[in-house]
Amino acid sequence: MTTRVGVVVFPGSNCEHDVVEAVDAVGGSGELLWHKDKSLGGVDAVVLPGGFAHGDYLRTGAMARFSPIMDAVTQFAQDGGPVVGICNGFQILTEAQLLPGALYKNQGLKFLCQPSVLRVESTDSVLTRRLNVGDELNVPINHFEGNYVCSEEVLAVLRENDSIVFTYQDNPNGATADIAGIRNENGNVVGLMPHPERAAHPLLGSTDGALMLKGLIGID
Amino acid sequence: MVDVGDGIAAAIRIESHNHPSAIEPYQGAATGVGGILRDIFTMGARPIAVMDSLRFGLPSDPRSRWIAEGVVSGISGYGNAVGVPTVGGETVFDETYTGNPLVNVLCLGLMPADRLVLGRASGEGNLAVLLGASTGRDGIGGVSVLASASFGDEEKEAEKRPSVQVGDPFEEKRLIEACLALLDAGLVVGIQDLGGAGLTCATSETASRGGVGMDVDVAAVPRREPGMEPFEVLTSESQERMLAIVSPDGLDDVLAICDRWDVQASVVGRVTEGGLLRVRDGMDGQVLGELPAASLHEDAPSYDRPRRPPEQWEAAKADSADSLSPPADVGADLLDLLSNPSWVYRQYDHMLFCNTVVGPGGDATVLRLKHPATGADTGRALALTTDGNNRWCAVDPRAGTALTVAESVLNLACVGARPLALVNCLNFGNPEHPEVMWQFSEAVDGMAEACDAFGIPVVGGNVSLYNESNGHNIDPTPVIGLLGVIDSLTRIPPGLAWRDGDRVIVLGEASAGLSGSLWAAATAGHKRGQLPALDYEQHRRVAGLVAGLVADDRLSAVHDVSSGGLGVALAEMAAVSGVGFRGARIHGHAELFSEAPSRVVAAVNPELLPEVEAAAAANGVAVARIGLAAGDRLAVKGLLDLGLAAIADRWGSPMPELTSG
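Chains as they are written, first to last, in the numbering used here: chain R, 1 to 220; chain X, 221 to 881.
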């Protein structure tokens with residue numbers, strides 16, 4: 001059966017169609033979910049896409065976590081459903097307390113849209129289950145607030161639980177411990193700053209992002 | 221609006237926001253992006269790409285630095301958040317733009333070809349619905365205060381700051397989605413954005429185009445602050461507003477779609493018979509003013525200002541840059557001409573929508589062409605380039621403009637595209653000076669001549685005059701936006717990066733004329749003489765050959781020879797690829813820095829070289845083998861020997877004057 005992936009649209013989201021296209025291209029079935037809805041409509045996985053939900057006003061992700069659909073997303077995550085937050089989606093997951101830590105402004109205080117090389121650090125997540133530790137992936141970044149920060153205690157727990165999923169080879173934004181993406185304890189919730197959907201077609205220069213999405217929809 | 225095949229129409233437009241950006245760089249540039257986006261989605265097209273053509277004074281001038289950084293931040297802050305990728309453009313620094321930057325923004329949108337909506341009101345009794353932001357006192361008189369006055373006095377400029385509008389990309393993003401949803405649902409009879417002169421302009425233009433009148437109720441316009449006078453409501457240039465003409469039957473559906481996107485929608489007028497624009501307090505209330513709608517639209521005055529060439533024109537033509545003293549150190553001069561704009565485009569989301577096959581930094585941008593309604597990949601691609609060259613146009617506005625068009629054509633050829641349609645943004649000084657009016661007239665003639673010769677339709681344009689600061693008029697700067705198409709895109713075009721062992725050739729006739737070159741302007745402030753000649757037939761042959769070789773995957777790398785000449789082209793290719801160049805047969809600095817047209821540098825796998833040379837011969841295009849891509853130096857026998865490290869150092873620290881200052 002085709003895996004149905006619900007992509008949540010907040011006002012200000014802008015990567016939702018790109019994610020649907022990339023999910024479809026790897027054999028899943030992407031569909032849009034509206035932030036004012038209260039149900040996920042029976043999807044098998046959820047993606048919170050990149051963009052500027054609610055204009056990023058107040059603080060990135062701070063208002064999106066109060067959108068009506070987030071109760072359903074939280075319940076789904078707690079029940080073990082796969083939830084992936086990409087870029088702004090990662091920021092929303094931290095605001096919603098589904099992942100620890102926060103995303104600060106980049107160290108250079110500039111927006112950065114550029115290629116990045118990631119290293120897979122954990123295969124115990126819905127995005128990396130078909131990859132190997134140490135794999136290098138070319139997946140671009142596109143953010144102003146991508147500088148991952150957390151307390152030393154949280155960092156110790158992340159390390160202890162093998163919860164750091166991706167690190168940058170060449171840290172572009174000052175992120176703590178070069179962290180590009182993390183997971184929750186069970187590995188069903190993953191947040192990452194790079195955009196896998198932008199590395200899912202040969203004409204875009206990399207298909208490494210498609211490998212992550214294949215993991216999400218459970219195709220080997 | 222251009223038919224690009226597969227049932228897809230492309231809307232393309234370019235516009236200047238020079239004066240607001242001079243006064244308040246961040247908001248000036250941000251609202252420039254917002255305005256051009258509304259021009260595109262008002263046609264029913266989804267904006268898919270923005271390009272920026274930016275020109276500033278030298279970075280050694282603190283105010284020019286402030287303007288440059290503010291403009292780039294404004295485009296980044298607004299463009300990224302509104303969710304339209306900024307896929308390319310140009311960044312040029314030249315003393316001529318001190319105090320008067322140029323911010324030209326181009327937008328490309330796509331729509332199903334069968335869904336064109338015009339900014340036209342019709343049907344007596346139809347309603348005018350104002351969508352988007354509330355109306356405030358910002359930007360009152362923006363067009364008249366800013367666009368039609370020269371600069372110079374800093375205190376006066378500070379006074380004008382309130383006339384610059386303030387942008388809200390989140391409001392615009394919701395407005396785009398709501399408007400496109402309204403158009404998808406067929407609920408809109410006509411639609412127009414609110415730009416210069418606000419509601420006055422939008423209501424009179426829609427009514428005039430439809431041959432009808434309109435009653436406008438100022439009391440119904442949602443306001444940001446109390447106590448606004450009716451004239452303020454009517455002329456406010458508050459951003460992120462659209463005027464839609466809808467039938468009364470569809471009003472509930474219109475309001476429901478707007479509510480979904482949290483977009484404010486208010487009925488502020490109704491279409492009437494006759495041609496009168498009537499402003500009322502309450503829909504049936506007191507008439508505050510009335511006049512024929514067309515008087516504000518079509519009946520605008522038309523000028524024929526005096527024009528004449530500058531007094532020293534003949535003497536200037538005789539002063540050739542070929543007589544300048546040759547460089548003491550060719551390598552040092554070459555390094556000085558290099559500039560890397562990646563600090564600019566790294567701040568722009570240039571990848572959104574996953575169409576960007578070649579992004580900023582190449583000769584032209586390449587975007588996959590997907591159907592805007594179904595998302596189906598057509599297997600084809602669109603190519604886009606923006607080009608301007610003030611030095612060429614200062615030397616000779618007519619020939620310089622023609623050369624600029626030619627450069628655009630060759631930029632498209634380097635990614636394998638053929639030209640489809642051209643838009644232009646004509647930036648000139650104060651037209652009340654006969655010399656400026658002459659430049660303008662010459663440039664338009666040069667553009668017409670070149671477009672005619674290349675068979676390219678000019679589908680739109682914008683004029684920015686009064687680019688004058690402290691009594692100094694900018695160099696004439698026509699900026700070209702050229703849209704092209706690639707009929708089958710199966711691989712990423714070669715780009716600038718050559719491979720170790722490639723043979724390096726020049727396609728096109730050698731030339732050594734230095735007048736109008738970056739070298740002459742940067743090292744000696746020289747902008748006189750006569751430009752290298754442009755042979756249209758030869759240029760068409762070179763462009764056709766290059767586009768064909770790219771399409772057939774015969775080139776490892778390709779780069780057109782333009783600003784900075786062969787020298788800068790080779791240095792850029794070496795910098796981007798990290799592989800050096802060893803060559804000969806470039807005789808002297810004049811051949812290295814000449815910007816003569818109709819030439820490209822190509823890098824070719826040695827096995828393919830005979831085939832490439834045969835293709836050139838068959839097309840009547842000269843080929844010169846100039847060297848080999850190899851090693852860690854950029855060396856030309858008897859002329860130049862630079863370490864790749866020195867080039868990388870200059871290339872890798874963008875805006876050296878900015879960072880070291």
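Think of the hints as simulated: they come from the structure by calculation, not from any bench. Any given hint could be a false lead.
[To be verified] Using 25 Å as the maximum straight-line C-alpha spacing, the simulated SDA-like pairs for lysine to any residue come out as follows:
#, chain 1, residue 1, chain 2, residue 2
1, R, Lys38, X, Arg566
2, X, Lys857, X, Glu792
3, R, Lys105, X, Arg566
4, R, Lys36, X, Ala401
5, X, Lys537, X, Ala333
6, R, Lys105, X, Arg285
Status of the hints after comparison with the structure:
1. Taking the CA atoms of Lys38/R and Arg566/X, the gap is about 38 Å. The hint is violated against a cut of 25 Å.
2. A C-alpha spacing of about 19 Å is found between Lys857/X and Glu792/X, which places the hinted pair at or below 25 Å, so the restraint holds.
3. Of the pairs offered as hints, the one joining Lys105/R and Arg566/X holds, with about 15 Å between alpha carbons and a cut-off of 25 Å not exceeded.
4. Straight-line distance between C-alpha atoms of Lys36/R and Ala401/X comes to about 17 Å, which keeps the hinted pair within the 25 Å bound.
5. With a C-alpha separation of about 48 Å, the suggested pair Lys537/X and Ala333/X falls outside the 25 Å cut-off, and the hint is violated.
6. Annotation: proposed proximity of Lys105/R to Arg285/X holds, straight-line Cα distance about 23 Å (limit 25 Å).
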